[in-house]
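Novice: Given next are the chains, with one letter for each unit.
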Amino acid sequence: MNPTVPPEFATIEGLGQVRPTLPPQPLAMPTGLGGGECLAYACPAQPHQGCVSPAVARRLSRLQLLTLTAAHRAVQDGGGLIAGPGAGVFVGTGLGSLGATVEFLEDVIRRDEASPMPARFITSVHNASASAIAIEFQCQGENRTTTHDSISFELALGQALTALRLGRIERAVVAAGDELHPYHVAAMNHCQPWRKKAEALAPLSPTAARLHGSLPGEGAAAFVLGRPGGNGRPEASVCIRGLGLAPRPAADLGGIRTEDEVAFLQKVLHPANATLADVDLILLGADGDAALDAVYGRVIQAVGAAAGGDLAVGVFKHLCGEFATASALGLALAGDAVRQGRLLPDIALIASGRADNRIDNVLTYTIHRNGFHSACWVSR
Amino acid sequence: MDELVEQLKSHIIRVLRLEDVQPEKIDPEAPLFKQGLGLDSIDALELIMMLEREYGIRITSIEVGWKAFASVKALAGFIREQRDCHGEK
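Chains as they are written, first to last, in the working numbering: chain U, 43 to 422; chain E, -15 to 73.
In case anyone wonders, no lab produced these hints; they're calculated from the structure.
Positions of the beta carbon are idealized from the N, C-alpha and C atoms, including for glycine.
Fair warning: there could be bad hints in the mix.
Partial list, derived from the structure: chain E residues whose beta carbon lies under 10 Å from chain U [unchecked claim]:
no.	residue
1	V(-1)
2	R1
3	L2
4	E3
5	D4
6	V5
7	I26
8	D27
9	E30
10	M33
11	R37
12	I46
Work out the full structure: start from the sequences and follow the hints.
Specialist: So, in structure tokens, the structure goes:
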């Protein structure tokens, strides 16, 4: 089928990612917070090398470097068509520039506000990442940063789609990312323990050990989006045709009803006149945590039945670990798979379904621990 | 070799994150701002803080700052002058 492009959705003109170096490595925890180590997925120490000039990079936080580098790759991938008053920037981040914030506050606390670090303060403010992208590419349109835990990316993407649909902008850079920081990893141990066993993630793998918890990670993804039928790249053949968020009780993984999830996914597909039978691949946000994997497993069985039992299922968090905006990396992989018309080797297949066939339609689906579930429909 | 000048070069590179600058490439007599290293007002703030943190020296006026930050050599001279005033070695 070839669904009609609803006007509210967007073409993906360029994609960019910054992903961790594999395999995950031990990350030292702050001694004041108990010390020890945690296996973590970290990006290269200088992720921007060869992409962002040293003169620009020296003033930027790690999050800014991650998102700006992803944006550079997306803009380059999209043919460099981004600038001017019609170009907006929308950034989603769960925790913002955590490292710069820690540096600034540590200095203030330890030195009793005697010698603050001005540059660290500038890079720690809320809109720092979006402004760095706007300055780099001369984007003079809307400029927003959205921070809402693990749905920050989805909300930023939704804002960009709305701005495009209403004609407030012609093109958007949507970026999302989060940085790994020992303080955050240690703090999260109090509410959502990372796995104790130092074993890399293999979400939903039938052969992997069923372990409690996931592993922390970091990374960034960016998208250059255009309006369908706009003046961007007519050859851009990948579209975001559906985006949905559904609130669920946060602490009740066992209470998730598969029929509600199937209905939610069908609703995301509906505006594009698509059904679950049109999905070539469903890309899950499963992160290797046994409890969460079990829910994904139940939902996928129900979705497979609704789709006619021939669904290809993939996962990606073995590439990046778990972090608030990891779903942006999932969408970048989905977009790339549709653009190339094939399964990418990076995506780990749980079920092959129609995997030998062409990949034209990918549905991403994430169960966020804050209670929201999200899905995005990417197709030709 | 002036040890203080070399130490200041290292501090400047570290504090201002001049990752593409080697200490030996910094001309001690070249202007720090606009020309030379091409630093700006935010860098000036960072350097003022660095002086306080590392050397316990405060810049008390704009005029003093302009003179002290004219070059790495001028900054080293300013630090020595302040130490002499306070009887430090």
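Novice: If a hint holds in the structure, say so; if it does not, say that too.
Specialist: Hint check:
| no. | hint | in the structure |
| --- | --- | --- |
| 1 | V(-1) | holds, 8 Å |
| 2 | R1 | holds, 4 Å |
| 3 | L2 | holds, 6 Å |
| 4 | E3 | holds, 5 Å |
| 5 | D4 | holds, 4 Å |
| 6 | V5 | holds, 8 Å |
| 7 | I26 | holds, 6 Å |
| 8 | D27 | holds, 8 Å |
| 9 | E30 | holds, 6 Å |
| 10 | M33 | holds, 4 Å |
| 11 | R37 | holds, 5 Å |
| 12 | I46 | violated, 16 Å |
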